[in-house]
Amino acid sequence: MGPNLFTNYGEAVSAILFCIGFTNLLLQTNLIKKIIGLNIMDSAIYLFLAEKGYIAGRIAPIVVNGVTSTERYINPIPSGLVLTGIVVSVSVTALMLSLTIRLYTRYHTLDLDEISTQLKKEGK
Amino acid sequence: MTAFQIILMGLLIVCAVSVSFSKNLLNAILIYMSFSLVMSMLWICLESPDLAITEAAVGAGITSVLFFVTLKKIHAIDASEPDTKEEKENE
Amino acid sequence: MYFILLSIFFPILAGLFLLIHYRTPLSGEKKNAGRKSLLLLTGCSLVITAVFVVIALFCEGEGFILFYLTKDLPIYFRIDNVGRLFSALAVIVIPCAGFFSFEYMKHEEREGRYYGFYLLVFGVLNALCFSGNLITFYLFFELLTMSSMPLVLHSGSKEAVMAGLKYLFYSLCGAYAALFGIYFLYRNCDSLTFTVDGALRASAITEHGTFLLAVAFIMLLGFGVKAGMFPMHAWLPTAHPVAPAPASAVLSALIVKAGVLAVIRVLGMFGRDFLKGTWVQTAWLCLTLITVFMGSLLAYREPVLKKRLAYSTVSQLSYILFGLAVMDETAFVGSFLHILAHGFIKAALFLCAGAIIYKTGKTRVEEMRGIGKEMPVTMWCFTIASLGLIGIPPTGGFLSKWYLALGSLNSGIPVFDVLGPVILLVSALLTAGYLLPLSIHGFFPGAAYDYGSLQKREPCKLMTVPISILTTLSVLIGIFPHLIIAVIHMAAAGR
Amino acid sequence: MNFICNFPFFSILLSLFSGTICSVLPAKAAKIVNRVVIIVIGLMSAVLLLYLLSTGESFIYWMGHFPAPWGNEIRAGVLEAGMALFFCIIMYLSMAGGAHKLPGEVVESKHNLYYILVNLLLSSLLALVYTNDMFTAYVFVEINTISACGLIMIRQVGRTIEAAVRYMIMSLLGSGLLLFGLCIMYDLTGHLLMSNIKESVGLIMANGEYQIPLIVSVALMCIGLCIKSALFPFHAWLPDAYGYSTVSSAAILSSLVSKGYIFLLIKIIYRVIGFDIFNSTRIIDVLFVFGLMGMIFGSLSAIKENDIRRMIAFSSVAQIGYIYMGFGMGTQAGMVASIFHILSHAATKSLLFIAAIGLTDVSGGSRKLNDLTGAAYRNKWAGAAFTVGSLSMVGIPLFSGFISKLLFAQAAVQVEGKMLASLIVLGISTVLNAVYFMKTVIRIYTSAADTPYMSITFRDRKPYTVTLVCFILLNIILGVSSQPVVDMIGQGLAMFA
Amino acid sequence: MSRKKTAEEYQKTFAFRFFRWLSGEKDPYSGEVEMQPQKEYQPDPEAALRREKEHDAIMDKVYDTEHNKWMHLFHRLYQATSILFCLFLIALLLVTVSYLPAIGTVTRPVNNEVSGRYIEKGLEETGAINIVAGMILDYRAFDTLGESHVLFVATITVLILLRLNKTEKDEAEVNDRRFEPKNDAILQLVATFLVPIIIIFGIYIILNGHLGPGGGFSGGAVIGAGLVLYLNAFGFKKTERFFTEKTYKWVCFFSLSFYCLAKSYSFYTGANQLHSVIPKGTPGAILSSGLILPLNIAVGLVVACTIYAFYAMFRKGGF
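As you go down the protein sequences, you meet chains A, B, C, D and E in turn.
Residue numbering for the first sequence follows numbering that gives the first Met the number 0, beginning at 0 and increasing consecutively.
Residue numbering for the second sequence follows numbering that gives the first Met the number 0, beginning at 0 and increasing consecutively.
Residue numbering for the third sequence follows numbering that gives the first Met the number 0, beginning at 0 and increasing consecutively.
Residue numbering for the fourth sequence follows numbering that gives the first Met the number 0, beginning at 0 and increasing consecutively.
Residue numbering for the fifth sequence follows numbering that gives the first Met the number 0, beginning at 0 and increasing consecutively.
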């Protein structure tokens with residue numbers, strides 16, 4: 000164990016959240032819950048990223064009164080990356096949900112295992 | 000501020016875990032919605048208002064709406080084909 | 000030099016042309032016209048190629064590089080005496096069997112495919128004989144497998160397909176084992192060009208000596224698959240009988256010899272001095288002797304004629320490999336003589352068997368009682384060839400076995416110098432046991448034979464002439480061996 | 000700055016823009032736009048490749064007004080330009096080869112959407128090839144994933160949708176891991192540009208301070224990309240996805256999409272982490288072992304398969320195993336072999352998919368091997384093409400597959416510890432490949448007694464046949480004159496470092 | 000006394016099998032098909048049917064999840080290993096986190112010259128007060144270009160999946176009606192007040208993207224949410240008057256094309272060191288910071304339309 004586990008509690012929490020999301024995405028057989036897991040996983044990564052930009056005692060990177068000094072603002076890069084990331088995860092969520100609807104109209108279940116069982120029974 | 004952050008993070012983990020174990024899909028979605036809200040609060044604490052706005056609009060707003068409409072659609076599909084619904088209920 | 004290229008690529012192109020042009024099965028009214036042109040084309044191609052090869056045989060030169068596969072792996076052709084002897088064998092057997100099949104394949108549907116691949120095999124065999132380094136050799140070795148497989152599964156029956164697949168897998172396994180060795184040779188040699196006295200770097204021998212021995216053994220085993228050596232012989236008795244008879248003749252006489260050729264080349268690459276007296280030699284001798292004995296024994300028990308001949312091939316090829324394994328010059332001469340003798344004899348025998356099947360439809364030995372009365376020319380040839388295979392003077396078979404035994408006795412390897420000739424002798428007896436009864440019962444069917452049902456069923460000239468030519472040649476080798484032996488000695492010295 | 004240096008930027012933007020344009024065009028116009036764009040980009044890449052070969056140096060292109068650590072950048076070297084050219088060729092041929100099947104597989108009103116997806120896929124591939132920035136790479140990886148998913152499920156059969164869901168799940172796991180690894184890497188180095196990260200990584204390795212997080216981050220990125228490129232234990236989605244989507248999709252997916260990720264991995268290895276540092280971690284051993292397992296299990300699954308397209312799909316699993324085995328050797332030679340195999344596999348696999356569709360067409364649309372008996376006589380060109388593809392896969396000399404196997408073996412011989420394992424598995428896999436491919440070839444050349452199906456000749460389907468011929472030629476060219484390609488790969492890798 | 004074995008007994012002996020192998024009749028690949036009488040291949044529909052039935056029977060047996068013990072066992076094992084894997088992942092990540100540089104401090108490598116320049120020169124070089132907006136739309140605009148195309152390609156895939164043809168659409172519409180509240184008066188009243196406010200707020204966020212928190216994406220999402228509310232209150236009939244698929248198509252097309260072209264211009268001039276003619280304006284004014292404002296508007300339009308399109312697609316497979 001390294002020295003910074005408790006200082007980095009935010010990152011630790013996001014790591015745990017990441018794993019919870021990951022587990023949900025991997026293990027839940029219900030598609031909707033899988034998708035929620037995916038969203039949790041993505042949010043965890045964004046939290047992880049946002050923690051990196053944070054510097055104690057500084058304010059958001061919006062220039063106030065034309066003061067442009069590094070001493071004053073937090074790091075803007077992670078925020079920018081997270082913004083991009085959020086768009087990606089919304090798109091993916093929409094796509095996954097529409098896939099879910101399509102699968103449901105066809106197989107009348109949200110359970111992925113059951114779907115694959117049905118598919119194999121079809122034997123096509 | 001730190002204590003507040005820690006509470007929020009604790010809430011995040013609670014939300015995430017309870018999503019995994021909730022049996023009802025609607026509950027799961029609602030919990031996820033609150034997860035997003037907590038997340039956006041956390042981002043305010045982390046001095047990232049851009050993210051907070053976006054997360055509030057997207058995570059709590061759009062994504063949840065999409066989840067709801069999916070759920071509704073699924074119930075509609077079930078209702079439109081009564082046979083399958085009965086089967087489901089029998090189970 | 001261009002004749003080498005011509006002798007390789009002319010038949011390949013001709014074969015491809017036949018494959019493309021006659022791709023649909025011939026049937027109905029068109030069949031006769033189509034067949035005529037097909038046979039004309041095939042015949043012309045065979046003759047022209049033979050002419051090219053004969054001219055190429057008398058070429059002298061350094062060889063030339065066709066193109067580079069990768070930076071230091073050229074596709075390189077060269078003529079040396081080993082290649083000359085092999086291609087001399089090929090240039091006689093292939094046209095003979097080809098003309099034989101003009102009659103034999105008369106009633107088949109997909110003749111175009113058959114002749115196409117037949118010509119491909121011819122070209123690839125020539126390339127194999129003329130290739131100047133291991134990578135070229137390997138390339139055409141694989142192509143040989145690929146182009147001869149369609150001959151095996153020509154009939155398209157399930158049995159033939161399975162046999163073809165079996166042939167393919169055994170060959171590929173063997174070829175890969177060989178390729179495995181080639182990688183190491185490539186790393187430990189200055190170049191992959193063939194030599195007769197070892198191309199390994201001296202430093203490599205001292206550093207990885209044991210490892211290289213294992214590599215040599217794997218390569219021998221790998222190429223041995225093609226030559227039907229013991230643990231991987233099973234494809235041979237499966238594949239040969241299901242092929243059409245002329246194709247089996249080519250398979251038995253030439254294609255399996257490609258494995259022998261490969262072994263000779265590999266032996267040259269590693270150098271005899273490197274392998275002599277090592278465990279590799281001992282193991283190899285053991286395997287060959289087991290194969291010799293086992294093949295004869297199995298042939299002895301086998302009732303189906305073509306299969307019996309296939310087992311006999313297994314046995315006879317290991318005579319050759321034994322001679323190479325002894326690594327003695329006399330035995331080497333014996334091996335080479337046996338390559339030629341066995342090539343002619345086995346081709347003749349298979350063609351005879353084909354003629355019998357074609358005319359009477361009989362495949363099992365016990366049905367062939369009195370066959371000699373029905374088809375005298377064929378059976379006479381069969382008998383003479385059988386005598387050659389057994390090793391009765393003055394045929395080529397006698398001479399080669401004599402040299403083999405002599406070489407083995409001279410070699411001074413403990414145990415094997417005596418054991419070898421003994422097993423060869425026993426095997427020769429077994430050969431007599433499985434071949435002669437056919438002739439005896441064929442000519443003397445016994446009192447119970449119904450002479451009334453006897454009818455003359457001699458096949459036409461297109462069949463008997465090739466058989467006679469091959470039989471005659473097998474005898475001639477035994478009578479006038481001097482020229483050949485001189486060439487073999489030159490080959491052994493690497494000239 | 001020479002005008003040619005704009006070409007990478009032009010090709011990415013052109014394909015992105017054409018995607019947008021196609022959304023308002025009718026299907027026919029969209030098709031033409033798609034073809035033209037691919038050709039134009041291919042030409043630009045070819046010119047760029049020649050230019051780079053003549054100068055012998057790679058160049059950096061600013062995406063914006065700001066230089067290295069502040070703005071985005073793309074970078075072009077010989078390898079990148081060559082890959083872009085190759086991707087264009089394969090994509091064009093795949094699209095042309097599958098064009099005649101499209102109306103039957105996709106609803107008429109959705110054709111222009113299909114071309115949008117293809118355009119965007121191309122742009123994301125190009126961006127992955129040219130990018131010099133990790134986060135850009137991530138964004139385009141997502142575009143790649145989503146458009147690949149669209150390509151899978153554009154033919155809406157139950158299987159494809161299920162496969163698309165599985166594909167998305169696996170890919171999202173992969174992207175999650177990739178992004179997480181990326182974040183850790185960003186935390187440690189403070190940069191997102193590849194060249195700057197590499198400097199910092201060098202410093203970190205020298206200081207020895209953050210070594211554990213560094214290795215974890217590298218491992219996460221590697222695993223993420225492995226999952227996305229369907230390395231052996233993560234291949235569950237692959238057979239359905241390749242087996243049931245449209246022909247062009249299958250060809251593109253198998254030959255390009257997974258290769259895009261693999262190329263990104265190569266970039267990460269060389270340009271972000273550094274080849275030597277990467278080799279000093281144990282990650283390469285893991286890649287090596289999974290590669291070997293993939294080679295064997297992929298082939299075994301393919302042998303059991305009775306559906307020709309699923310069989311080819313499973314063979315992809317094995318081939319990707321080859322590529323990772325090359326990475327796992329940890330030498331320059333292994334890398335060259337892997338990259339060559341990317342090319343040869345792309346050329347061969349798309350050929351096989353497209354030939355297979357020709358064969359199933361003349362067997363009443365059935366894909367069962369039993370029904371394909373004699374199909375090669377009914378569609379001669381497809382039969383010949385399938386044979387060529389199979390021979391190449393088995394590794395018969397004169398075809399591209401042999402050269403890549405030769406290169407792998409040459410690389411293996413130089414690595415003492417992994418030599419025997421890789422050579423033996425290479426051999427086993429060759430024989431297994433032979434088992435199922437030659438079985439199929441013999442099957443399609445076995446004449447069936449009487450079949451109710453129609454034959455298809457050259458005249459019936461000219462574009463299709465021409466495509467097949469092009470593919471065959473490509474395969475043979477790669478197999479016969481491989482040396483220039485190998486040299487180019489070596490030169491490109493040298494420019495990478 | 001030796002006894003002669005019968006043929007059947009003999010077949011079981013080792014010697015028999017050994018000789019079979021020796022004589023090459025035993026085939027490692029195919030069992031015992033050797034040397035059977037030849038048969039022509041003939042398509043046999045009955046056999047095919049039989050095979051299919053057998054296949055079905057096997058499949059039924061295998062996928063009879065309730066009674067298949069192995070399946071259960073496999074599932075358990077799979078779950079157990081996955082949980083173990085996840086625990087392992089958690090442990091690994093925690094260890095990694097513990098080695099990472101401390102959070103919230105200035106000295107961590109993230110706070111280097113890159114972020115320094117963004118903060119110090121960002122206002123001057125991009126003209127945007129919101130440094131984040133300046134960064135994503137100017138310094139790292141290529142990422143953002145990619146991002147908007149992610150959204151675009153996601154819409155395309157949703158279109159592929161959910162867009163229905165004419166007849167299906169009517170059916171879906173009927174279906175949809177049945178499950179929607181019919182003209183709920185309260186909802187309509189609330190919506191009449193709320194929707195304009197929401198949309199105006201969204202527009203504000205977009206236009207202020209370079210001045211304060213927000214930007215094209217979040218503003219677009221807000222407008223989209225307003226549209227969705229409007230749709231829910233008044234139904235498709237009303238929205239279709241001003242928003243159809245065609246509108247969506249062209250709005251998206253123009254916004255994205257503008258985005259592409261504008262950014263291409265800026266990339267091209269940047270890379271070739273040409274002077275860009277786009278004025279920066281005075282920092283703080285609405286019309287300032289060069290391309291950022293128009294880009295934000297374009298993105299906002301795309302996002303708003305996309306959100307609405309998603310919702311409409313999900314509801315009834317079309318607009």
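The hints are simulated quantities; they were obtained by calculation from the structure and are not laboratory data.
Treat the hints with care, since some could be wrong.
What the hints assert, rightly or not - Listed next, the in silico EDC-like pairs over lysine to aspartate or glutamate satisfying Cα-Cα at most 16 angstroms (straight line):
#1 E:Lys236 with E:Asp183
#2 D:Lys438 with C:Glu158
#3 E:Lys120 with A:Glu70
Looking back at the hints listed earlier, which ones does the structure fail to meet? Failing hints: none at all.
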